[in-house]
Amino acid sequence: MKEIVVLSGKGGTGKTTLLGSLACLAENKVLADCDVDAADLHLLLAPEHRSENEFRSGVKARVASDKCTGCGTCQELCQFGAIDVVSCAAVDTLACEGCGVCAYFCPEQAIHLDKNHCGTWYISDTDYGPLVHAQLFAGEENSGKLVSFVKGQARQLAEDSGADFILVDGAPGIGCPVIASLSGADAMVAVTEPTLSGWHDLVRVLDLADHFQVQAFVCLNKWDLNPEIAAVVTERCLQRGVDILGRIPFDPAVITAQLKGRPVVLTDSLAATALRAVWPVLHGKVINTFSELSGPKVAFPAPSYQGEMRLG
Amino acid sequence: MQIAVASGKGGTGKTTISTSLALCAQGGVQFLDCDVEEPNGHIFLKPELTESSKHSVAIPRIVTEQCSYCGKCRNICRFNAITMFGQTIMAFSELCHSCLGCFLVCEENAIVHDSREVGVLEQGQAGEIAFVHGRIRVGEAMAVPLINEVKKKANKADLVIIDAPPGTSCPFVEAVSGADFVLLVTEATPFGLHDLKLAVQVLRTFAKPCGVLVNRSDLGDDRLEKWCQVENIPVLLKIPFDRTIAEGYARGDTLLQSRPDLRQPLENLLQEIVQ
Numbered sequence: 027m028k029e030i031v032v033l034s035g036k037g038g039t040g041k042t043t044l045l046g047s048l049a050c051l052a053e054n055k056v057l058a059d060c061d062v063d064a065a066d067l068h069l070l071l072a073p074e075h076r077s078e079n080e081f082r083s084g085v086k087a088r089v090a091s092d093k094c095t096g097c098g099t100c101q102e103l104c105q106f107g108a109i110d111v112v113s114c115a116a117v118d119t120l121a122c123e124g125c126g127v128c129a130y131f132c133p134e135q136a137i138h139l140d141k142n143h144c145g146t147w148y149i150s151d152t153d154y155g156p157l158v159h160a161q162l163f164a165g166e167e168n169s170g171k172l173v174s175f176v177k178g179q180a181r182q183l184a185e186d187s188g189a190d191f192i193l194v195d196g197a198p199g200i201g202c203p204v205i206a207s208l209s210g211a212d213a214m215v216a217v218t219e220p221t222l223s224g225w226h227d228l229v230r231v232l233d234l235a236d237h238f239q240v241q242a243f244v245c246l247n248k249w250d251l252n253p254e255i256a257a258v259v260t261e262r263c264l265q266r267g268v269d270i271l272g273r274i275p276f277d278p279a280v281i282t283a284q285l286k287g288r289p290v291v292l293t294d295s296l297a298a299t300a301l302r303a304v305w306p307v308l309h310g311k312v313i314n315t316f317s318e319l320s321g322p323k324v325a326f327p328a329p330s331y332q333g334e335m336r337l338g
Numbered sequence: 365m366q367i368a369v370a371s372g373k374g375g376t377g378k379t380t381i382s383t384s385l386a387l388c389a390q391g392g393v394q395f396l397d398c399d400v401e402e403p404n405g406h407i408f409l410k411p412e413l414t415e416s417s418k419h420s421v422a423i424p425r426i427v428t429e430q431c432s433y434c435g436k437c438r439n440i441c442r443f444n445a446i447t448m449f450g451q452t453i454m455a456f457s458e459l460c461h462s463c464l465g466c467f468l469v470c471e472e473n474a475i476v477h478d479s480r481e482v483g484v485l486e487q488g489q490a491g492e493i494a495f496v497h498g499r500i501r502v503g504e505a506m507a508v509p510l511i512n513e514v515k516k517k518a519n520k521a522d523l524v525i526i527d528a529p530p531g532t533s534c535p536f537v538e539a540v541s542g543a544d545f546v547l548l549v550t551e552a553t554p555f556g557l558h559d560l561k562l563a564v565q566v567l568r569t570f571a572k573p574c575g576v577l578v579n580r581s582d583l584g585d586d587r588l589e590k591w592c593q594v595e596n597i598p599v600l601l602k603i604p605f606d607r608t609i610a611e612g613y614a615r616g617d618t619l620l621q622s623r624p625d626l627r628q629p630l631e632n633l634l635q636e637i638v639q
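Going down the list, the sequences are from chains A and B. Per the working numbering, residue 27 is the first one in the first sequence, and the count goes up by one each step. Per the working numbering, residue 365 is the first one in the second sequence, and the count goes up by one each step.
No lab work stands behind these hints, which were simulated from the structure alone. Treat each hint with caution, since some may be false.
In silico BS3-like pairs for lysine-lysine, Cα to Cα no more than 30 Å straight-line [said to hold, decoys possible]:
{"id": "1", "chain 1": "B", "residue 1": "Lys561", "chain 2": "A", "residue 2": "Lys286"}
{"id": "2", "chain 1": "A", "residue 1": "Lys286", "chain 2": "B", "residue 2": "Lys590"}
{"id": "3", "chain 1": "A", "residue 1": "Lys141", "chain 2": "A", "residue 2": "Lys171"}
{"id": "4", "chain 1": "B", "residue 1": "Lys516", "chain 2": "A", "residue 2": "Lys171"}
This is chain A alone, in the form it adopts within the complex (with noise of 0.2 Å):
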């Protein structure tokens, strides 16, 4: 079984359009939304829940007004500004970050840590495959913890059904649930646009898939925007090591599909003939890279970030 994160650093690149596209092509596997602050993948694939459940993680401190004394030691030792007192302690839910030091020294043991049910996931049955999909709670924390329990699920009915591949959406960003989107992946494909932001986002989510270890692939999205970027991302990334699965152009189509919920693959387009090469170079590349178990990773230097990228 294979793992397949689709990330991008830059947000709306096409990393949800890709993975509804892969959805329809890859046979036999189990799909996954790990972008639980802002999912979308369900608007394409319109699933049916097959079971919603709750996601409880961390703790949120409580005051209990009766036998707070306002003397102010939890003030004083929350690190996150968590805490307000006036006569009585007052806890700001949204700044809490659920360390339990307040409730630890408070002197009247007016602080009690609730179990914070932070969110919502859900098994669902698609045209396409099962889906594990989440919503996390408005302002909450805790996504990294609830991207690793949807994966976490996902590798269970993978494991379960015997499929062959986990397709995973990720977070933009690099940080806390990119991080654990990552987590124990056998490849990511990130998703790129030919911008000199989308570059300069790319060269950190391919440096942090070299950090974590996991095998980068890149494929170019609305590349016929800038032909010329477009060029030098793809030499940029075969020199660093990174393989170009394919070349999406921009398309009208893919907005025109997602106004419709389904993926745009499905469509007569531009957009779906490149997209539906994608798929059988990526199968490929991931089989027969892991057939050969490749070596140590070769170091590239990074290219520096910035409006240095010299064109033409």
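Given chain A, put chain B in place with the hints provided.
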């Protein structure tokens, strides 16, 4: 006045709008790029960065010679950053949230302050604009401490424009929490609308005033605007898709360079928000 430019969904045009708003501002203006995982503001504003400092958070280092293996530090740590088996005790730096609980409970003075670099903070000037951004170290999971550090540089006298990270969880909350107004940049697609709803839900939990800018407004449908109407969220500006903007963006041109005619609507928008 602090204006945060945020979105929920990534890639809707936060940086395009926030950099242009900063360029439109009259008088002193400061630009804080709080998308510390993937900061892009510098690509467009091209600041001359004159100051750079590493930012670290406190983590524990255990002096085993002094440790009595009482287990109090392990017990107070809710992040599993300290483990102990018999006479072996270890601290896992990357799991530590720097709550300092372990330092406080140790009675043997067996825990000393060490530090973990979370990223760098860089500052400089882009023309009239005072520029600050943070870049988290690749491999660092926690963005919030560095976002907080960037925010500390906010100058109260100036107009401060914050470029917020995408998403709706803690980094987003941290970036917008001090703002007087949040401008939500979105697109009229199902993904744009879905993530806008989530972002608005967060902002409502702390009663933050907000308005919407619809980018690439003609690529999509009217569900977004209808929703905004029902929810009583003002749609402040609509910018239709324009290949010139997309191509300029690719090269690192600002919106004002690609489309000088948008300066007036953006100045009006800024005026409207400030009032």
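Hint by hint, here is what the structure shows:
Taking the CA atoms of lysine 561 of chain B and lysine 286 of chain A, the gap is near 19 Å; set against the 30 Å cutoff, the hint holds. A threshold of 30 Å between alpha carbons decides the hint, and for lysine 286 of chain A with lysine 590 of chain B the separation of about 18 Å falls inside it, so the pair holds. The suggested pairing of lysine 141 of chain A with lysine 171 of chain A holds, with an alpha-carbon distance near 14 Å, which does not exceed 30 Å. Restraint check for lysine 516 of chain B and lysine 171 of chain A: satisfied, since their Cα atoms lie roughly 28 Å apart, inside the 30 Å limit.
Checked against the numbered hints above, the structure violates none of them.
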